[in-house]
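Trainee: Here's the letter readout for the chains.
2 protein chains.
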Amino acid sequence: MYNMELKKLGYSDQIYEILRQRIVTLSLPPGRKIDIGKLSREFNVSATPIREALKRLVERGLVRYRKDTGYWVVPLTDKDVQDIFVLRKVLETFALNESIHSIRLWEIEGLLKDSRQLLAGDVSESELRKIFDEMDELLHYRLIVGRCKNEFLKTFYTIMNDYIAIVRHLNERIMAAIEEHVEILEALKRGDLEAAKVSLARHLDSSAQACRPLPRSVEEWEVALEEVSIKKKEV
Amino acid sequence: MYNMELKKLGYSDQIYEILRQRIVTLSLPPGRKIDIGKLSREFNVSATPIREALKRLVERGLVRYRKDTGYWVVPLTDKDVQDIFVLRKVLETFALNESIHSIRLWEIEGLLKDSRQLLAGDVSESELRKIFDEMDELLHYRLIVGRCKNEFLKTFYTIMNDYIAIVRHLNERIMAAIEEHVEILEALKRGDLEAAKVSLARHLDSSAQACRPLPRSVEEWEVALEEVSIKKKEV
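Protein sequences, first through last, are from chains A and B.
With the numbering used here, letter number 190 in the first sequence gets 190, and the count goes up by one each step, no holes.
If you count the second sequence from 1, you need to add 1000 to reach the numbering used here.
Just chain A, with the same shape it has in the complex (with noise of 0.2 Å):
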């Protein structure tokens, strides 16, 4: 579907993109081999555009390279899903003290009405996680991080949104989720830090240990991908 023709300028930098997108959105899943030669006749460009799209990948820590093997999508293990876990309660819990009193009043009340309209059940299957993860970027992303002072902050949680994203597509508690944002989204309204430092570090928590396992080679991971794309065709 990217089989569109690159423009003669920026070759690298729209390959990065279409590769980023990929992996975030596990068309090209953890731990699979990057073919060079078939992106080269894919996109109809020498390997050098390629090979800069692929360091560039490697320093944000999508992309790993091996002198013996070349590139390929890092690895994302169990242990990877829980680190993530422990260093967003770190990092958001901490941004939460500049951004409660920057996050207005409206955004949360948004929040808040969406929240109990998916909690209604008024939404189908298929929109309730469309829906989910915009207000899941919303609140943890845009609000929470995003509304805090520290630039540096925000530049590595953007890079660890990339890893998000990817754990984002096989989570299955939206039910429990969208709970957890209300009460989280009531103490924020309260303007209560406390309160909303615990909802918040508690929802991570959950969130943490309903990871079910992650797939462990390139071959299990496409079998679950399969499943869940089997799953929303059939909504």
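For the record, the hints were derived by calculation from the structure and aren't laboratory data.
A hint or two may mislead.
Okay, derived cross-link-like pairs now, DSS-like style, lysine-lysine, Cα gap no bigger than 27 Å in a straight line [as the list claims (entries may be wrong)]:
(1) Lys154/A / Lys1089/B
(2) Lys79/A / Lys1149/B
(3) Lys1149/B / Lys154/A
(4) Lys189/A / Lys89/A
(5) Lys33/A / Lys89/A
(6) Lys1079/B / Lys197/A
(7) Lys154/A / Lys1067/B
(8) Lys1197/B / Lys1113/B
(9) Lys1067/B / Lys197/A
(10) Lys79/A / Lys1197/B
(11) Lys1197/B / Lys149/A
(12) Lys1079/B / Lys149/A
(13) Lys1113/B / Lys154/A
(14) Lys1197/B / Lys1079/B
(15) Lys197/A / Lys1033/B
(16) Lys1113/B / Lys149/A
(17) Lys1089/B / Lys149/A
(18) Lys67/A / Lys1154/B
(19) Lys154/A / Lys1197/B
(20) Lys1154/B / Lys89/A
(21) Lys33/A / Lys1154/B
(22) Lys1154/B / Lys197/A
(23) Lys1089/B / Lys197/A
(24) Lys79/A / Lys89/A
(25) Lys1154/B / Lys154/A
(26) Lys149/A / Lys1067/B
(27) Lys79/A / Lys1154/B
(28) Lys149/A / Lys1038/B
(29) Lys1079/B / Lys1089/B
(30) Lys1067/B / Lys89/A
(31) Lys33/A / Lys1149/B
(32) Lys1079/B / Lys154/A
(33) Lys1079/B / Lys89/A
(34) Lys89/A / Lys113/A
(35) Lys1089/B / Lys89/A
Model the placement of chain B on the given structure of chain A, informed by the hints.
Mentor: Then chain B, alone, in the frame of chain A:
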């Protein structure tokens, strides 16, 4: 001094590393515009591998890009420095939970011995700076952060470590910092996690407070760096 012949293969890799070093050692000071044409003549290569190296440095947060003006070294403000120390405190005190039992006794005792030698005044002024820089990196980066098991925290900290290195060159309270290191090391030796955390947090707070106002423009940076280099020659 880098005016060597670059190997035909991996131009952009080498240029990336040279530019990263120049930024971290302040030979390319914060806020300096990067002149692609000049680098192209210096390294005797086309603009393409230089641009690729710059894009990777943007990914790493050391270089900024704006469409109309091109590439320049990230400016560094007093607020950035404070943000770095605050975030270091969050990440390092957290990392210490896991690393305290992985740091070996002989490493702690070695650092304690070196610290006491420096405090006793047994080394020259120029050696003091060099040995302190190594000790500081060893304690904070290799041991406290490096021995923790959270791979994501380590990755982010590695990026932040480039900024820490930039700032380290402008810090003049070496003796006080060594005394604080001794306090942390003694707590580590006793295996006293809480005391080690308190000492570490206090050390980072003091370091943040002791930072003198940074130069606010490229011109001011150049004057400040000139003074540092004159001091070095006088020693």
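Trainee: Does the structure keep Lys1154/B and Lys154/A at a Cα separation of 27 Å or less?
Mentor: Given pair Lys1154/B, Lys154/A holds - Cα atoms ~16 Å apart, limit 27 Å.
Trainee: Is Lys1089/B close enough to Lys89/A, meaning Cα to Cα at most 27 Å?
Mentor: Holds. Lys1089/B to Lys89/A sits at ~15 Å (cutoff 27 Å).
Trainee: Given the hint that Lys154/A pairs with Lys1089/B, test it: the Cα-Cα distance must not exceed 27 Å.
Mentor: Distance of about 16 Å is within 27 Å: holds.
Trainee: Hint check: Lys79/A vs Lys1149/B, CA-CA at most 27 Å. Holds or violated?
Mentor: Holds: Lys79/A and Lys1149/B sit about 10 Å apart, inside 27 Å.
Trainee: Quick one, are Lys197/A and Lys1033/B close enough, alpha carbons at most 27 Å?
Mentor: Judged against 27 Å, a Cα distance of about 42 Å means the pair is violated.
Trainee: With a cut-off of 27 Å on the C-alpha distance, tell me whether Lys1197/B and Lys149/A pass.
Mentor: Since the Cα atoms of Lys1197/B and Lys149/A sit roughly 24 Å apart, the hinted pair holds (cutoff 27 Å).
Trainee: Would the hint linking Lys1154/B and Lys197/A be met if the CA-CA limit is 27 Å?
Mentor: Judged against 27 Å, a Cα distance of about 24 Å means the pair holds.
Trainee: Is it true that the CA of Lys1149/B sits at most 27 Å from the CA of Lys154/A?
Mentor: 22 Å, holds
Trainee: Given the proposed pairing of Lys1079/B with Lys197/A, does the C-alpha separation stay at or below 27 Å?
Mentor: The given pair, whose Cα atoms are some 25 Å apart, holds under the 27 Å limit.
Trainee: Check whether the Cα positions of Lys1089/B and Lys149/A lie no farther apart than 27 Å.
Mentor: Satisfied, since the Cα-Cα distance of roughly 16 Å is no more than 27 Å.
Trainee: Do the alpha carbons of Lys1154/B and Lys89/A lie within 27 Å of each other, as the hint requires?
Mentor: 16 Å, holds
Trainee: Below or equal to 27 Å on CA atoms is what counts here, so check Lys33/A against Lys1154/B.
Mentor: 24 Å, holds
Violated hints, listed in ascending order, are 5, 9, 13, 15, 16, 28, 30; each of the other numbered hints is respected by the structure.
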